[in-house]
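2 protein chains.
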Amino acid sequence: MAERKRTEIAELGEFGLIDRLTSRFSPSKGTTLKGAGDDAAVIDAGVGEALVVSTDSLFEGVDFDLTYFPMKHLGYKAVTVGVSDILAMNALPEQIMLSLGVSSKLSVEALDDFYEGVEFACRELGVDMVGGDTRASLTGFVIGITSVGRVRREALAYRSGAKLNDLICITGNLGAAYMGLHLLEREKRVLSDVKDPEPKFAGYEYLLEKYLKPRARKDIVESLAEEGIVPTSMTDLSDGLASDLMQICKSSKCGARIYLERIPIAKQTSAMAEELHSDPVVAALNGGEDHELLFTVPLSMQEKVMRMGGIDVIGHITAENTGAYLVTPDGSDIRLKAQGFKED
Amino acid sequence: MAERKRTEIAELGEFGLIDRLTSRFSPSKGTTLKGAGDDAAVIDAGVGEALVVSTDSLFEGVDFDLTYFPMKHLGYKAVTVGVSDILAMNALPEQIMLSLGVSSKLSVEALDDFYEGVEFACRELGVDMVGGDTRASLTGFVIGITSVGRVRREALAYRSGAKLNDLICITGNLGAAYMGLHLLEREKRVLSDVKDPEPKFAGYEYLLEKYLKPRARKDIVESLAEEGIVPTSMTDLSDGLASDLMQICKSSKCGARIYLERIPIAKQTSAMAEELHSDPVVAALNGGEDHELLFTVPLSMQEKVMRMGGIDVIGHITAENTGAYLVTPDGSDIRLKAQGFKED
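Chains A and B, in that order, are what the protein sequence lines are. Using my numbering, read the first sequence as starting at 1 and increasing by one per residue. Using my numbering, read the second sequence as starting at 1 and increasing by one per residue.
I should point out that these hints are in silico values taken from the structure, not numbers from a laboratory. On a predicted model such as this, the values are computed, not experimentally measured, just so you know.
In the PhoX-like style, the derived pairs of lysine-lysine whose C-alpha atoms are separated by at most 20 Å in a straight line are:
1) B:5 x A:72
2) A:72 x A:105
3) B:250 x B:337
4) B:105 x A:5
5) B:72 x A:5
6) B:218 x A:29
Facing chain A, according to a computed beta carbon distance under 8 Å, are these residues of chain B, among others:
7) 18
8) 24
9) 29
10) 35
11) 46
12) 140
C-beta atoms are modelled at their ideal positions from N, C-alpha and C, and glycine is treated no differently.
Just chain A, same shape as in the assembly:
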């Protein structure tokens, strides 16, 4: 018998793998308004309304390190991660469910802390925690989050609606979470042999907060509604600006040009990058976990968007097959590349 071909997952990359696995499915139910391929699935919820549903998971050792990640923050962050996908559809989150795999290493008190963080985030966002299960895991802490949100159908923002000349907007600033992670990893290495470690975090609280306790940008979705803006496309910044912008370009069948000097980077991010002899723009493009929103609006909306505050226009959408480029201050174009699957 011939040996069956073995393709390594790393050969396809994360997005290639997901495309391959989900390509066999196409929605057949009338109630499925949007299937795989966006931040969340969209399901009919009565006249004019839709529910958006999303699922995410976080794995110990890949997505978080319990040696420095406080359980309370982890609970808070799990909610942010889940809810960000709902916001990325321009919907408001209403419910979450948690499905945990817990090893015997964790105590009940540690799980209490985790749920305290979950509760805090839920209260802040006005979201109900409506269930899920807790199972034994042989292999570290696993967090599954299912999030449900609601939106008027005409306000839905898919990844696929960006049009030529639309403005590319982002909320907040980028790269801070990535620098926070690097800071924590550095202190872990430095202090691994010290008995009572006192890590040096003074001055970097902002970076730590962006990594350990990022806020979901519900305020932005509310402001967009107040201003009467429906983004032509939207996604959340979880994989890094380059990757997430390329997802919009792929879904919307368009290109993009963004300008390096317009990418908002916090002072602390730049300072930390300097200390680490690294480039803060690389952190912004490829770092990920910012949990900010990336969206496009027609050129005519520029004034309205600027009035909202806390939003930067970093570039514009170009024609199909022109690719996605970063324009540097000296005028040269750098083609953006998506980051691959995190195979640790």
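Starting from the known structure of chain A, arrange chain B on it as the hints suggest.
Just chain B now, with coordinates in the frame of chain A:
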């Protein structure tokens, strides 16, 4: 500083732990019709309709062993596990999402097989696979399944509606999946040192199928609708009859009496139990993973329920605080106990 108390998860047990962790949450949104504490959460979906949402996870080494679990069957079973929670609300499944954690040990072809099984189950059930993500996992294959279903609100069956003298009904037969698992584990042990193992499964195909490829009982929810029966309470048999019946008693604030000789057990299950010198009733009560449905109906529905076929009435609901009992043929009462958290 005083040492903080450390309570082991095993001290509370699975249900105690989930109760403790979720007790801090109570729904505040008008759209949350039912929060934690049932097979699925219930969310407003327009006039007269509700969506039910459920989340589950399966962990390699705890819930399945890839040395004998074919990936295609595992994909099929993951859908059954997810969809069973939706059926247990008397709702029909419409969408599922998958969130996978994959280790580099798995090839792309193995994941193709898994998704082929998912697709097969989705087609059989008329369910859309609408997304989810695939991530790297350091520690074996992790499967997260989110399921969404729809139901007219007046047809919803919670765990909490069982009334005094209601009949306790179950579909199919019990304990077969547990015996299938034991058979696979035995062959694995016996053949672990053999070069080209040829496991002896002849005559036991039924047990293997019940464990490796259980069917979700969508047919039952459809038949109940055709007969115009809305169960007063319902849950799926995933933890074993004892545990699942006690969940209904707890939620419905009632007791129960079930009769040993009425518990349906397949011939192959009894034969395998004899071979293993074990009791098939123990497998039925505590084995779990049957993915059949357990429900209650008013006494007046007895004839209608019997007409449906494939359903056994195994006992009746008793008053609050009377406990849940198994009545043996010699007339003695055995108090049912829930099985704990599977801490392997």
